[in-house]
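**Student:** Each chain, written out:
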Amino acid sequence: EDQVTQSPEALRLQEGESSSLNCSYTVSGLRGLFWYRQDPGKGPEFLFTLYSAGEEKEKERLKATLTKKESFLHITAPKPEDSATYLCAVESVATDKLIFGTGTRLQVFP
Amino acid sequence: NAGVTQTPKFQVLKTGQSMTLQCAQDMNHNSMYWYRQDPGMGLRLIYYSASEGTTDKGEVPNGYNVSRLNKREFSLRLESAAPSQTSVYFCASTPGGFYGYTFGSGTRLTVV
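From first to last, the protein sequence lines are chains A and B. So for the first sequence, my numbering puts the first residue at 596; every next one is plus one. So for the second sequence, my numbering puts the first residue at 43; every next one is plus one.
Keep in mind that a hint or two might mislead.
Derived pair list, reagent style DSS-like, types lysine-lysine, alpha-carbon separation capped at 30 angstroms [unchecked claim]:
id, chain 1, residue 1, chain 2, residue 2
1, B, Lys-113, A, Lys-637
2, B, Lys-113, B, Lys-99
3, A, Lys-664, B, Lys-51
4, A, Lys-637, B, Lys-51
5, A, Lys-637, A, Lys-674
6, A, Lys-692, B, Lys-51
7, A, Lys-664, A, Lys-654
8, B, Lys-113, A, Lys-663
9, A, Lys-658, A, Lys-637
10, A, Lys-652, A, Lys-692
11, B, Lys-99, A, Lys-664
12, A, Lys-637, B, Lys-56
13, B, Lys-113, B, Lys-51
14, A, Lys-692, B, Lys-99
15, B, Lys-56, B, Lys-99
16, B, Lys-113, A, Lys-692
To give an idea of the chain B side of the interface with chain A (calculated C-beta under 8 angstroms), a few residues [claimed, not checked]:
id, residue
17, Leu-85
18, Gly-100
19, Phe-140
Here are the simulated distance ranges between beta carbons [as the list claims (entries may be wrong)]:
id, chain 1, residue 1, chain 2, residue 2, range
20, A, Phe-667, B, Asn-107, 31 to 41 angstroms
21, A, Gly-649, B, Gly-138, 41 to 51 angstroms
22, A, Thr-671, B, Glu-94, 14 to 24 angstroms
23, A, Glu-676, B, Asn-104, 35 to 45 angstroms
24, B, Thr-62, A, Gly-636, 20 to 30 angstroms
25, A, Arg-607, B, Glu-94, 41 to 51 angstroms
26, B, Arg-86, A, Glu-676, 24 to 34 angstroms
27, A, Gly-624, B, Arg-119, 28 to 38 angstroms
Hints in this document: simulated from the structure, not taken from any laboratory. Just so we're clear, the structure is a prediction, and the values are computed from it rather than from any experiment. Yeah, the Cβ is synthetic: ideal placement off N, Cα and C, and Gly gets one too.
Taking the hints into account, I'd like the entire structure generated from these sequences.
**Tutor:** Written out as structure tokens, the structure is:
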């Protein structure tokens, strides 16, 4: 059964304090791993798709990496506006749908 | 450039009442999805439509029905609402392949 586990559940950072969020997955043939950002009261917003182990994607202060069993979302020198819940999801080659993790709630304090 | 539009944004139902959640996208996407989001449970797939004219069950379909009215619209119906269906419902669409999903802003439903 396809499964996605995110850790930690919550993370509090001081502005400028870099850190990483983890997404571990088991899937019967990975088609793609997706990262989303979700602000309170809003729908998830697409950030990245990673397709194969060793791949990296960057957007502003965020960098996503992928191995055969997990993905990391690295946040460099975060700002308060980076505060949100970050969701990871996987799609297997056998299906046309995403399986989501429960997310990491990030709070960045000035 | 509206993206994915969901209506209504908020709804309160009494147990046993029925209602339809509406979703429309203007991006000419083939695939559309209905998810529910509950605290500690993440997003769970209710139903999806890989293309116009087709629908399939997801992880939690019991108590729901869907209609893919045309390429733009995908509605979710609760025939007899139950308190366990209290949740935030999200509609999403994608052109397929490796493209990410575009989500609507959600419908917050409370069943009392």
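**Student:** Each of the hints needs a verdict: does it hold here or not?
**Tutor:** Consistency of the hints with the structure:
1. Straight-line distance between C-alpha atoms of B/Lys-113 and A/Lys-637 comes to about 24 angstroms, which keeps the hinted pair within the 30 angstroms bound.
2. The hinted pair formed by B/Lys-113 and B/Lys-99 meets the criterion: a straight-line CA distance of about 18 angstroms does not exceed 30 angstroms.
3. Between A/Lys-664 and B/Lys-51 the CA atoms are separated by roughly 37 angstroms; this puts the pair beyond 30 angstroms, and the hint is violated.
4. Simply put, A/Lys-637 and B/Lys-51 have alpha-carbon atoms about 11 angstroms apart, close enough for the 30 angstroms limit, and the pair holds.
5. Only pairs whose Cα atoms come within 30 angstroms are accepted, and A/Lys-637 paired with A/Lys-674 is accepted, the gap being roughly 20 angstroms.
6. With a CA separation close to 24 angstroms, the supplied pair A/Lys-692 and B/Lys-51 stays within the 30 angstroms bound.
7. Of the pairs offered as hints, the one joining A/Lys-664 and A/Lys-654 holds, with about 22 angstroms between alpha carbons and a cut-off of 30 angstroms not exceeded.
8. For the suggested pair B/Lys-113 and A/Lys-663, the alpha carbons sit about 36 angstroms apart, so the restraint of at most 30 angstroms is broken.
9. Between the alpha carbons of A/Lys-658 and A/Lys-637 the distance comes to roughly 23 angstroms, so the proposed pair stays at or under 30 angstroms and holds.
10. Restraint check for A/Lys-652 and A/Lys-692: the C-alpha separation of about 22 angstroms stays at or below 30 angstroms, so the hint holds.
11. The hinted pair formed by B/Lys-99 and A/Lys-664 meets the criterion: a straight-line CA distance of about 27 angstroms does not exceed 30 angstroms.
12. Between A/Lys-637 and B/Lys-56 the alpha-carbon distance is near 25 angstroms, which keeps this suggested pair within the 30 angstroms criterion.
13. Of the pairs offered as hints, the one joining B/Lys-113 and B/Lys-51 holds, with about 22 angstroms between alpha carbons and a cut-off of 30 angstroms not exceeded.
14. Using a Cα cut-off of 30 angstroms, the hinted pair A/Lys-692 and B/Lys-99 holds, with the two alpha carbons roughly 11 angstroms apart.
15. Using a Cα cut-off of 30 angstroms, the hinted pair B/Lys-56 and B/Lys-99 holds, with the two alpha carbons roughly 25 angstroms apart.
16. A threshold of 30 angstroms between alpha carbons decides the hint, and for B/Lys-113 with A/Lys-692 the separation of about 18 angstroms falls inside it, so the pair holds.
17. With its C-beta approaching chain A no nearer than about 4 angstroms, B/Leu-85 sits inside the 8 angstroms limit, and its interface hint holds.
18. Hint status for B/Gly-100 relative to chain A: holds, with the closest Cβ pair at about 6 angstroms, below 8 angstroms.
19. With its C-beta approaching chain A no nearer than about 5 angstroms, B/Phe-140 sits inside the 8 angstroms limit, and its interface hint holds.
20. At roughly 40 angstroms, the beta carbons of A/Phe-667 and B/Asn-107 sit within the given window of 31 to 41 angstroms.
21. A/Gly-649 and B/Gly-138 have their C-beta atoms about 25 angstroms apart, which leaves the hinted 41 to 51 angstroms range violated.
22. Taking the beta carbon of each, A/Thr-671 and B/Glu-94 are about 43 angstroms apart, not inside 14 to 24 angstroms as hinted.
23. Taking the beta carbon of each, A/Glu-676 and B/Asn-104 are about 40 angstroms apart, inside 35 to 45 angstroms as hinted.
24. At about 22 angstroms, the beta-carbon gap between B/Thr-62 and A/Gly-636 stays in the expected band of 20 to 30 angstroms.
25. In this structure the supplied range 41 to 51 angstroms holds for A/Arg-607 paired with B/Glu-94, their Cβ-Cβ distance being about 45 angstroms.
26. In this structure, B/Arg-86 and A/Glu-676 meet the distance hint of 24 to 34 angstroms, their C-beta atoms being roughly 29 angstroms apart.
27. A hinted range of 28 to 38 angstroms for the beta carbons of A/Gly-624 and B/Arg-119 is consistent with their spacing of about 33 angstroms.
This entry does not satisfy hints 3, 8, 21 and 22, going by the numbered hints stated previously.
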